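Enquirer: Take a look at the letters that make up each chain.
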Amino acid sequence: MAASPRELTQNPLKKIWMPCKNGHPERHISQRRVCMTNCPTLIVTVGLPARGKTYISKKLTRYLNWIGVPTKEFNVGQYRRRCVKIYKSFEFFSPDNEEGLKIRKQCASTALNDVQQYLSSEGGQVAVFDATNTTRERRNVIIKFADQNGYKVFFVESICEDPDVINANIVQVKLGSPDYADCNTDEAVEDFMKRIKCYENSYETLDEVLDKDLSYIKVMDVGQRYLVNRVMDHIQSRIVYYLMNIHITPRSIYLCRHGESDLNIKGKIGGDSGLSERGKKFARHLGDFIHEQNIKDLKVWTSQMKRTIQTAEALGVPYEQWKALNEIDAGVCEEMSYEEIQEHYPLEFALRDQDKYRYRYPKGESYEDLVQRLEPVIMELERQENVLVICHQAVMRCLLAYFLDKSAEELPYLKCPLHTVLKLTPVAYGCKVESISLKVEAVNTHRERPENVTVNRSREEALQTVPSHL
Amino acid sequence: MEQTELTQTPLQKIWVPWMSTLLQRRRGSSVPQFTNSPTMIVMVGLPARGKTYISKKLTRYLNWIGVPTKVFNVGQYRREAVQTYKSYEFFMPNNEDAMKIRKACAIAALQDVNIYLTHEQGQVAVFDATNTTRDRRELIINFSKENGYKVFFVESICDDPDIIEANILQVKLTSPDYKDCDKEKVVEDFLKRIECYKINYTPLHDEYDRNLSYIKIFNVGSRYLVNHVLDHIQSRIVYYLMNIHVTPRSIYLCRHGESELNLLGRIGGDSGLSERGKKFASALGLFMRDQAIQDLKVWTSHMKRTIQTAEALGVPYEQWKALNEIDAGVCEDMTYEEIQENYPLEFALRDQDKYRYRYPKGESYEDLVQRLEPVIMELERQENVLVICHQAVMRCLLAYFLDKSAEELPYLKCSLHTVLKLTPVAYGCKVESFFLNIEAVNTHRDKPENVEVTRNPEEALDTVPAHI
Numbered sequence: 000m001a002a003s004p005r006e007l008t009q010n011p012l013k014k015i016w017m018p019c020k021n022g023h024p025e026r027h028i029s030q031r032r033v034c035m036t037n038c039p040t041l042i043v044t045v046g047l048p049a050r051g052k053t054y055i056s057k058k059l060t061r062y063l064n065w066i067g068v069p070t071k072e073f074n075v076g077q078y079r080r081r082c083v084k085i086y087k088s089f090e091f092f093s094p095d096n097e098e099g100l101k102i103r104k105q106c107a108s109t110a111l112n113d114v115q116q117y118l119s120s121e122g123g124q125v126a127v128f129d130a131t132n133t134t135r136e137r138r139n140v141i142i143k144f145a146d147q148n149g150y151k152v153f154f155v156e157s158i159c160e161d162p163d164v165i166n167a168n169i170v171q172v173k174l175g176s177p178d179y180a181d182c183n184t185d186e187a188v189e190d191f192m193k194r195i196k197c198y199e200n201s202y203e204t205l206d207e208v209l210d211k212d213l214s215y216i217k218v219m220d221v222g223q224r225y226l227v228n229r230v231m232d233h234i235q236s237r238i239v240y241y242l243m244n245i246h247i248t249p250r251s252i253y254l255c256r257h258g259e260s261d262l263n264i265k266g267k268i269g270g271d272s273g274l275s276e277r278g279k280k281f282a283r284h285l286g287d288f289i290h291e292q293n294i295k296d297l298k299v300w301t302s303q304m305k306r307t308i309q310t311a312e313a314l315g316v317p318y319e320q321w322k323a324l325n326e327i328d329a330g331v332c333e334e335m336s337y338e339e340i341q342e343h344y345p346l347e348f349a350l351r352d353q354d355k356y357r358y359r360y361p362k363g364e365s366y367e368d369l370v371q372r373l374e375p376v377i378m379e380l381e382r383q384e385n386v387l388v389i390c391h392q393a394v395m396r397c398l399l400a401y402f403l404d405k406s407a408e409e410l411p412y413l414k415c416p417l418h419t420v421l422k423l424t425p426v427a428y429g430c431k432v433e434s435i436s437l438k439v440e441a442v443n444t445h446r447e448r449p450e451n452v453t454v455n456r457s458r459e460e461a462l463q464t465v466p467s468h469l
Numbered sequence: 000m001e002q003t004e005l006t007q008t009p010l011q012k013i014w015v016p017w018m019s020t021l022l023q024r025r026r027g028s029s030v031p032q033f034t035n036s037p038t039m040i041v042m043v044g045l046p047a048r049g050k051t052y053i054s055k056k057l058t059r060y061l062n063w064i065g066v067p068t069k070v071f072n073v074g075q076y077r078r079e080a081v082q083t084y085k086s087y088e089f090f091m092p093n094n095e096d097a098m099k100i101r102k103a104c105a106i107a108a109l110q111d112v113n114i115y116l117t118h119e120q121g122q123v124a125v126f127d128a129t130n131t132t133r134d135r136r137e138l139i140i141n142f143s144k145e146n147g148y149k150v151f152f153v154e155s156i157c158d159d160p161d162i163i164e165a166n167i168l169q170v171k172l173t174s175p176d177y178k179d180c181d182k183e184k185v186v187e188d189f190l191k192r193i194e195c196y197k198i199n200y201t202p203l204h205d206e207y208d209r210n211l212s213y214i215k216i217f218n219v220g221s222r223y224l225v226n227h228v229l230d231h232i233q234s235r236i237v238y239y240l241m242n243i244h245v246t247p248r249s250i251y252l253c254r255h256g257e258s259e260l261n262l263l264g265r266i267g268g269d270s271g272l273s274e275r276g277k278k279f280a281s282a283l284g285l286f287m288r289d290q291a292i293q294d295l296k297v298w299t300s301h302m303k304r305t306i307q308t309a310e311a312l313g314v315p316y317e318q319w320k321a322l323n324e325i326d327a328g329v330c331e332d333m334t335y336e337e338i339q340e341n342y343p344l345e346f347a348l349r350d351q352d353k354y355r356y357r358y359p360k361g362e363s364y365e366d367l368v369q370r371l372e373p374v375i376m377e378l379e380r381q382e383n384v385l386v387i388c389h390q391a392v393m394r395c396l397l398a399y400f401l402d403k404s405a406e407e408l409p410y411l412k413c414s415l416h417t418v419l420k421l422t423p424v425a426y427g428c429k430v431e432s433f434f435l436n437i438e439a440v441n442t443h444r445d446k447p448e449n450v451e452v453t454r455n456p457e458e459a460l461d462t463v464p465a466h467i
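Protein chains in written order, with numbering that gives the first Met the number 0: chain A, 0 to 469; chain B, 0 to 467.
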């Protein structure tokens, strides 16, 4: 029955239109974000030790959280370490060790209980169950558990027989494991190889025929080949695309902002101004820095705003302009100083301080919108090797948050000063950060969250943390 | 190193070094580089496995996202060479004369590929043929090496007799080869034709072909094998192929109901529906209910007018920011008369190249397409969907489904209060237009005769539709 359309009101923070009654928002049926899936998903890793399962689990979890899908990993090895305080040797994993098998099965159960807690009671949308899961029997237990709870299951199997890759894995992440805290390198490697052997005999890989109704991806030889079976929904499709784009070739990503701009000096946000004298100096220093670093096949990316392009021009190398790297659109506040925003839009200014990640400028964007906009940039950064990204403060915060696994709360307050290059190098399960200041003075554009974020605060309280400017 | 001055190109608002407007090649490119050499996509598979369907769809998608792509269907070359098709016997492996002709056709097609990729600025060529033998694929690989093209194989494998028969009925019955034949004869001959190829069919092999870049599609997408993806464009092609399906469904496109700003002849903004717009929303609700669609998804933008329209349907809907109307920047909320008065140069530039023209501090249609790509990808994944959007957005989506060029796209007619129902059929899309009988202003402005910057206001405003 077609009732007359409900009145709409615009949520003051996110500027989302929703139905209201007597001026108050009503519980409404529209979803504000695109539906990834209609039920929680359990991603289950499969593979022998040292095949990159934990690497994939952590990376995938980081990516999904960044794009706004609450995700958590559950590493059964960690449960085992909590249970069996001291690791003695590979014999714990021997298939004849009944005591060991009991404990390991118990740990898997405990982990699954926590998964259920996360997905059914804590608002989680994806759980990554990181364990070897090399037998069909174990996988059937998981499938049954998922069925009972209404979760979809997606398997990620990593297959690799290249001894060099396996050795490199062991050296990168196993030597530093709590299991081998008191061993020397050779002892650790020897023990770990024997550990792998324990799993090999009972390993049942996902089979074309026997497992034809399961949803899974087999990653073979670190991404040379993929077998994808029965992708069920949007989130699984995105996961497959992501897994197919990541690689482990060593490389570095350099992030920096444009040189100081004329509007920066005046303390004004947004706009499309050119570089100040100091900004131009930074651009030259950046060129020198890049040449000194002697980076192989460096790609340079900028936004389509004048200040990043001017910066790149000074490098004397080819660069690509991405509109997606443009600074956050401050809508009606474009080209205003914080003082002017406080004067003209004190309510907006306060709302922004209350939830800087979700706050959308009137006729502008939010950090949340920025992340959506930047997703293809991240995907291409994953595909690439050495890249220098010359961008903007809010944009750089979003990219940095992806690489350093920062939450939505931390992201808008990450420090990204002008004239500073961050060099990110993937190492083990994370990212090493080196901060290089190119020794050219610039204004500070970082505004901390003030103490008072209520809408009735005074002008002084609001402007308390504004950095100085002309 | 001296620092060059930058200037902003007037049409696309791209910052470029001053000097590049003269002779020098500019260092910066204004779009990310998908690949550094042309790519040949080579189809592999027995007849009736969907190779031409995939070729055409992929070509349509790549062109829409801005990658110049063209299909080269060897069957068409054969039809030009051998004017009349007699029977499946032409395809028998021991028919030497026919083999000679077929090889010559493949080579002629490759020559045209060479012209397209090397001399006509093509970036991707789709070589649509069975390519079922290693010899033939070797020939193609050598050809590509000589010319510096990357090769990506797309193999379609299907042994489900129902799917194959459905294919034959959908697209072979109407083939020029079977112009005057009855249905049974066609199916019988075509099945024998397939048998001819089966004898010498060598699928891409795990070991032998491990250094080739390819995707194998099994049984219309329930399984994929992806090997050795080399670059961005191949990765995007794989993602696209893994998201498309052939399940019958319909996509409904319409704009929000008439808005307050529409009535005033103003563009952009975020106004609510007019009275007539509200009437349309109710009518839309009734219309969709009468269509009796299973599991319909409804999508809107984040703008008030599309959401108000969806509210009247009384069903759940999803809001996509990506579906927001084109951002007219400094011209937001203006009438065309006001744009002519305040920004006559901009107004003229827009008429000169409406697809690439970017509003100052706003967007271009070209930007819109980039923004809408994830929407198209999700539409491909989905089944029955109603998209309530905006004029420029609807034009972009429609251009994708109906394979319209960048030149035609900004002038596609998308009137208020009219629903377009798109149903995939054979190699294309059937369109049905439903005007829901509620009057609305016309918001379609045709390209005027005079697009010069020197034109007078009357010439500029010649085609502006009437408003309050």
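Rather than coming from a laboratory, the hints here were simulated on the basis of the structure. Any given hint might turn out to be false.
[Claimed, not checked] Result set (PhoX-like, lysine-lysine): computed pairs, CA atoms no more than 20 Å apart in a straight line:
| # | chain 1 | residue 1 | chain 2 | residue 2 |
| --- | --- | --- | --- | --- |
| 1 | A | Lys217 | B | Lys420 |
| 2 | B | Lys102 | A | Lys211 |
| 3 | B | Lys85 | B | Lys102 |
| 4 | B | Lys403 | B | Lys420 |
| 5 | B | Lys171 | A | Lys362 |
| 6 | A | Lys438 | A | Lys279 |
| 7 | B | Lys197 | B | Lys215 |
| 8 | B | Lys403 | A | Lys355 |
| 9 | B | Lys149 | A | Lys322 |
| 10 | B | Lys320 | B | Lys296 |
| 11 | A | Lys280 | A | Lys305 |
| 12 | B | Lys403 | A | Lys305 |
| 13 | B | Lys320 | A | Lys13 |
| 14 | A | Lys322 | B | Lys55 |
| 15 | A | Lys87 | A | Lys101 |
| 16 | A | Lys57 | A | Lys173 |
| 17 | B | Lys56 | A | Lys322 |
| 18 | B | Lys178 | B | Lys85 |
| 19 | B | Lys55 | B | Lys403 |
| 20 | B | Lys197 | B | Lys149 |
| 21 | A | Lys13 | A | Lys280 |
| 22 | B | Lys85 | B | Lys171 |
| 23 | A | Lys104 | A | Lys58 |
| 24 | B | Lys429 | B | Lys56 |
| 25 | A | Lys422 | A | Lys298 |
| 26 | B | Lys320 | A | Lys362 |
| 27 | A | Lys20 | B | Lys277 |
| 28 | A | Lys173 | A | Lys84 |
This structure is a prediction, so every number in the text was calculated from the model and none was measured.
Enquirer: Next step is simple, just say for each hint if it's right about the structure.
Expert: Okay, the hints, checked on the actual structure:
Restraint check for Lys217 (chain A) and Lys420 (chain B): not satisfied, since their Cα atoms lie roughly 39 Å apart, outside the 20 Å limit. A threshold of 20 Å between alpha carbons decides the hint, and for Lys102 (chain B) with Lys211 (chain A) the separation of about 39 Å lies outside it, so the pair is violated. Straight-line distance between C-alpha atoms of Lys85 (chain B) and Lys102 (chain B) comes to about 19 Å, which keeps the hinted pair within the 20 Å bound. With a C-alpha separation of about 17 Å, the suggested pairing of Lys403 (chain B) with Lys420 (chain B) holds against the 20 Å cut-off.
Between Lys171 (chain B) and Lys362 (chain A) the alpha-carbon distance is near 52 Å, which puts this suggested pair outside the 20 Å criterion. Among the hinted pairs, Lys438 (chain A) with Lys279 (chain A) is consistent with the structure: their alpha-carbon atoms are about 13 Å apart, no more than 20 Å. Note on Lys197 (chain B) and Lys215 (chain B): the hinted pairing holds, with a Cα-Cα distance of about 17 Å set against a maximum of 20 Å. A threshold of 20 Å between alpha carbons decides the hint, and for Lys403 (chain B) with Lys355 (chain A) the separation of about 41 Å lies outside it, so the pair is violated.
Of the pairs offered as hints, the one joining Lys149 (chain B) and Lys322 (chain A) is violated, with about 28 Å between alpha carbons and a cut-off of 20 Å exceeded. Between Lys320 (chain B) and Lys296 (chain B) the alpha-carbon distance is near 16 Å, which keeps this suggested pair within the 20 Å criterion. A hinted pair counts as satisfied when its Cα atoms are at most 20 Å apart, and Lys280 (chain A) with Lys305 (chain A) qualifies at roughly 16 Å. At roughly 33 Å between alpha-carbon atoms, Lys403 (chain B) and Lys305 (chain A) are farther apart than 20 Å, so this suggested pair is violated.
For the proposed pair Lys320 (chain B) and Lys13 (chain A), the alpha carbon gap of about 12 Å is at most 20 Å, so the pair holds. Distance check on the hinted pair: Lys322 (chain A) and Lys55 (chain B) sit about 29 Å apart at the alpha-carbon level, beyond 20 Å; violated. The suggested pairing of Lys87 (chain A) with Lys101 (chain A) holds, with an alpha-carbon distance near 17 Å, which does not exceed 20 Å. Between Lys57 (chain A) and Lys173 (chain A), the direct Cα distance comes to roughly 15 Å. Compliance with the 20 Å bound is thereby established for this hinted pair.
The straight-line distance between the Cα atoms of Lys56 (chain B) and Lys322 (chain A) is roughly 27 Å, outside the 20 Å bound, and the hint therefore fails. Straight-line distance between C-alpha atoms of Lys178 (chain B) and Lys85 (chain B) comes to about 11 Å, which keeps the hinted pair within the 20 Å bound. Note on Lys55 (chain B) and Lys403 (chain B): the hinted pairing holds, with a Cα-Cα distance of about 13 Å set against a maximum of 20 Å. Of the supplied pair hints, the one linking Lys197 (chain B) and Lys149 (chain B) is violated, its CA atoms being roughly 28 Å apart against a limit of 20 Å.
Between Lys13 (chain A) and Lys280 (chain A) the CA atoms are separated by roughly 39 Å; this puts the pair beyond 20 Å, and the hint is violated. In summary, the hint linking Lys85 (chain B) to Lys171 (chain B) is supported, as the alpha carbons are separated by about 15 Å, within the 20 Å threshold. Proximity of Lys104 (chain A) to Lys58 (chain A) is assessed by CA-CA distance (about 26 Å); at most 20 Å being required, the pair is judged violated. A distance of roughly 14 Å separates the Cα atoms of Lys429 (chain B) and Lys56 (chain B); the hinted pair therefore holds under the 20 Å criterion.
Using a Cα cut-off of 20 Å, the hinted pair Lys422 (chain A) and Lys298 (chain A) holds, with the two alpha carbons roughly 14 Å apart. Distance restraint check for Lys320 (chain B) and Lys362 (chain A): the Cα-Cα separation of roughly 12 Å lies within the 20 Å cut-off, and the hinted pair is therefore satisfied. For a cut-off of 20 Å, the pair hint linking Lys20 (chain A) to Lys277 (chain B) stands: about 18 Å separates their Cα positions. The suggested pairing of Lys173 (chain A) with Lys84 (chain A) holds, with an alpha-carbon distance near 17 Å, which does not exceed 20 Å.
Consistency with the previously given hints fails for numbers 1, 2, 5, 8, 9, 12, 14, 17, 20, 21 and 23, ordered from lowest to highest.
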